[in-house]
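Engineer: Residue numbers (my numbering), protein chains in the order written: chain A, 1 to 188; chain B, 1 to 572.
FYI, nobody ran anything at the bench for these hints, they're computed from the structure.
Hints may be right or wrong, so weigh each one.
Capping the alpha-carbon separation at 27 Å, the derived lysine-lysine pairs in DSSO-like fashion look like this [what the hints assert, rightly or not]: (1) A/3 to B/310; (2) A/93 to A/104; (3) B/62 to B/417; (4) B/310 to A/93; (5) B/62 to A/2; (6) A/133 to A/111; (7) A/172 to A/111; (8) B/164 to A/2; (9) A/3 to B/164; (10) B/203 to A/32.
Derived Cβ-Cβ restraints for the label pairs, each shown as a range [stated by the list, open to error]: (11) B/36 to A/161: 18 to 26 Å; (12) A/6 to B/194: 38 to 46 Å; (13) B/312 to A/159: 26 to 34 Å; (14) B/549 to A/41: 51 to 59 Å; (15) B/85 to A/21: 18 to 26 Å; (16) A/110 to B/9: 33 to 41 Å; (17) B/93 to A/48: 21 to 29 Å; (18) B/443 to A/41: 46 to 54 Å; (19) B/9 to A/112: 28 to 36 Å; (20) B/549 to A/161: 19 to 27 Å; (21) B/37 to A/93: 51 to 59 Å.
Small disclaimer: the values here were computed from a predicted structure and weren't measured.
For every residue, glycine included, the Cβ atom is placed at its ideal position computed from N, Cα and C.
Okay, here's what each chain looks like letter by letter:
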Amino acid sequence: MKKYILPSIKLTAVFTVILCILYPLFISFAAKLSKGEGSGEKVMLNGKAVGYKLIGQSFTAPQYFWGRPSAVGYNAAGSAGSNKGPTNTDYLKEVSNRIDTLLKYHPTLQKSEIPAEMVTASGSGLDPNISVKGAEIQAKRIATYRHLPLSKVLKLIETHTEKPLLGLFGPKKVNVLALNVALDQISK
Amino acid sequence: MQTELLGIIATFALTLVIAIPLGNYLAKVFAGKRVWTNIFSPLENLIYKIAGVNPNEQMDWKQHLKAMLTINTLWLIYGFFVLMYQDRLPLNPDGNAGMSPHLALNTIISFVVNCNLQHYSGESGVSYLTQQFIVMFLQFVSAATGIAIAISFFKAFKEKTTNKLGNFWQHFTLAITRVLLPLSIVIALVLAFNGVPASYEGKDQLTSLQGDSISVSRGPAAAMVAIKHLGTNGGGWFGANSAHPLENPSYFTNMVEAISQMIIPIAMVIAFGIFIGRRKLAWTIFGVMTIGFLLLLVPTLQSELGGNPKIAQLGITQVSGAMEGKEVRFGPTATAYWSTITTVVSTGSVNGMHDSTMPLTGLYQLLAMMINAFYGGCGVGLLNYFVYLIIAVFIAGLMVGRTPEFLGHKLEAREVKIAALVTLISPFLIMCGTALASYTFTQHGNAAWDTTPSAWLNNPNFHGFSEMLYEVTSSNANNGSGFEGLGDNNMFWNILTAIILLFGRFIPIIGPLAIAGLLAKKKYIPESAGTLKIDTKTFALMTFAIILVLNALSYFPALALGPIAEYFTMIK
Numbered sequence: 001m002k003k004y005i006l007p008s009i010k011l012t013a014v015f016t017v018i019l020c021i022l023y024p025l026f027i028s029f030a031a032k033l034s035k036g037e038g039s040g041e042k043v044m045l046n047g048k049a050v051g052y053k054l055i056g057q058s059f060t061a062p063q064y065f066w067g068r069p070s071a072v073g074y075n076a077a078g079s080a081g082s083n084k085g086p087t088n089t090d091y092l093k094e095v096s097n098r099i100d101t102l103l104k105y106h107p108t109l110q111k112s113e114i115p116a117e118m119v120t121a122s123g124s125g126l127d128p129n130i131s132v133k134g135a136e137i138q139a140k141r142i143a144t145y146r147h148l149p150l151s152k153v154l155k156l157i158e159t160h161t162e163k164p165l166l167g168l169f170g171p172k173k174v175n176v177l178a179l180n181v182a183l184d185q186i187s188k
Numbered sequence: 001m002q003t004e005l006l007g008i009i010a011t012f013a014l015t016l017v018i019a020i021p022l023g024n025y026l027a028k029v030f031a032g033k034r035v036w037t038n039i040f041s042p043l044e045n046l047i048y049k050i051a052g053v054n055p056n057e058q059m060d061w062k063q064h065l066k067a068m069l070t071i072n073t074l075w076l077i078y079g080f081f082v083l084m085y086q087d088r089l090p091l092n093p094d095g096n097a098g099m100s101p102h103l104a105l106n107t108i109i110s111f112v113v114n115c116n117l118q119h120y121s122g123e124s125g126v127s128y129l130t131q132q133f134i135v136m137f138l139q140f141v142s143a144a145t146g147i148a149i150a151i152s153f154f155k156a157f158k159e160k161t162t163n164k165l166g167n168f169w170q171h172f173t174l175a176i177t178r179v180l181l182p183l184s185i186v187i188a189l190v191l192a193f194n195g196v197p198a199s200y201e202g203k204d205q206l207t208s209l210q211g212d213s214i215s216v217s218r219g220p221a222a223a224m225v226a227i228k229h230l231g232t233n234g235g236g237w238f239g240a241n242s243a244h245p246l247e248n249p250s251y252f253t254n255m256v257e258a259i260s261q262m263i264i265p266i267a268m269v270i271a272f273g274i275f276i277g278r279r280k281l282a283w284t285i286f287g288v289m290t291i292g293f294l295l296l297l298v299p300t301l302q303s304e305l306g307g308n309p310k311i312a313q314l315g316i317t318q319v320s321g322a323m324e325g326k327e328v329r330f331g332p333t334a335t336a337y338w339s340t341i342t343t344v345v346s347t348g349s350v351n352g353m354h355d356s357t358m359p360l361t362g363l364y365q366l367l368a369m370m371i372n373a374f375y376g377g378c379g380v381g382l383l384n385y386f387v388y389l390i391i392a393v394f395i396a397g398l399m400v401g402r403t404p405e406f407l408g409h410k411l412e413a414r415e416v417k418i419a420a421l422v423t424l425i426s427p428f429l430i431m432c433g434t435a436l437a438s439y440t441f442t443q444h445g446n447a448a449w450d451t452t453p454s455a456w457l458n459n460p461n462f463h464g465f466s467e468m469l470y471e472v473t474s475s476n477a478n479n480g481s482g483f484e485g486l487g488d489n490n491m492f493w494n495i496l497t498a499i500i501l502l503f504g505r506f507i508p509i510i511g512p513l514a515i516a517g518l519l520a521k522k523k524y525i526p527e528s529a530g531t532l533k534i535d536t537k538t539f540a541l542m543t544f545a546i547i548l549v550l551n552a553l554s555y556f557p558a559l560a561l562g563p564i565a566e567y568f569t570m571i572k
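Put together the whole structure using the sequences plus the hints.
Structural biologist: Below, the structure is given as structure tokens:
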């Protein structure tokens, strides 16, 4: 065994230098050239950072588009999903309550129009996106609270709709924070 | 909907487009042929010189195992202490605490064995130092260990009769300098330029648009996310793993991460065929693996895209599929695809929460980990498949009344015994582990422990049982994903899974290499009309049947109590 101990220690030391110091430092320096300089891209409003582009935020006020339910209340220092199983009765009750809340705030909304992601928690608890439909069902409420014409709100959703990758791969979606920042910009 | 389906088809196609030439490249590198990365050989020579090893010194299978076990033991001891005392060491901008001894034990074993179970949460459980010097370091070297042993295994079948299986240190070094590190650099850069953080800054505090104060965890994640996939490790920088928007920001990065976790396992199969000069055998193995993979993927898609019938009963139309625990930017299709690849190749990273998937999806995830040889982990997947092959050769030999032979070597009692032992150890660990946990949960639910067993489960009934079964299965398969609702950071789970992890890793490495080493030493018998051919469609079917029968017999009762029972209560 002794024959193997010294090479083990020395190889561990050499690869620690290469893999734990040189490699991540190189990536870190190179990432300085990226958009968020490797620290995450921020969203600005009136010269102030109001969040990270990729990290969803909790929106509860009626004049904002709401994001998805989150198991951790959009805590970006402790991401997690609900981990509720599909047949858990307490969980199904919770979903049912979320449906009721949505119906309460959107009196003309039909249950069948509610997209699934608006009543289910995301995997990270920080999902920044909702589907286009998820935004559209909220348009009337936003228009009322912001005193904006409905068409203008719908137009805003349309301009903020992100297409699938190369127009071919993956779902369409809307970034809730970007949409709300745009809302604040047009209705000050 | 259609774009979501197109997305996964493109992902799988690109995976093959990259993996097949990579296999060719791997075979050349380890055969010492000319490749462009030979420009790294001065660096490698320097490494050998510093470490005091002679890369040309040939080792037999026992020496390989000794070297492998020595360096792995060293990592276990060293990492255990660093994790426990990380609070007193530098690079801890968020001021995270040191680990409890049993959590440190579980964590270090979990990373050394390429499992990455993670009973801690990335944001609060580790420092930047331990993320890089322990977690990421082990993600490289545990993958390199798997590849190195697989190469020794290749060498056993390259020559007719030999006990020279190459040099472990050389295989290990080349696995890093020629494969893992260069590919990691490329992938880490792609990720960093698409939103994954890479700087060493700590948590950021700011006020949200609505006026709440929020804090955002960050850190040099890009470097780690690259190797966590390439090395089929799966341990995430953040708690939510690749569902976290900073760990997997877009559909594009999702494709990159999905591709990178599959390329080395597939490439190893291709490389095996080229290396030993039996391409047809490699393609047969690849064929069986791919059919197995698709047979798990298609029903998974069907089960997820149909949505949750219980939610449909509430009046909700689930247009794209079940959304609990999933992210909008990936959608249910890409998440279902990921859940299959991460369980077949033993990565264990997730881009959506497995605990919230449909019961049958859970069944397929469990099956994939129980079989653990449809592509399988970095290097070790092929070794697992080899054990099934040995059993298949043996049984087929009995059926047709011929002496079982494998690639020109007579298969005798000793080798078959080892293969049988390796095959039996998995159901033994999974069944006993789950039984012990279930017994403790039901009979000692109120034991006055830190976490009382009755508080372990996040879901009642059959699904609760599945949470325990999944944890144990994932440990045995060295997968690392979980039904994360399980409260697993306590003495019971930390120690139980630590033991299973060790056996689940080292027995399936030692066993196949011992068989290969023993076979290689035997006299070579040239192929004749009487030889059982193992690269035919018939034999592929035979292997597939063996895999199916062995696993069905071993696991059906447990699966019936968990996901299958839950499925029937759901559609009732």
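Engineer: Find the hints from earlier in the document that the structure breaks and name them by number, from lowest to highest.
Structural biologist: 1, 11, 20
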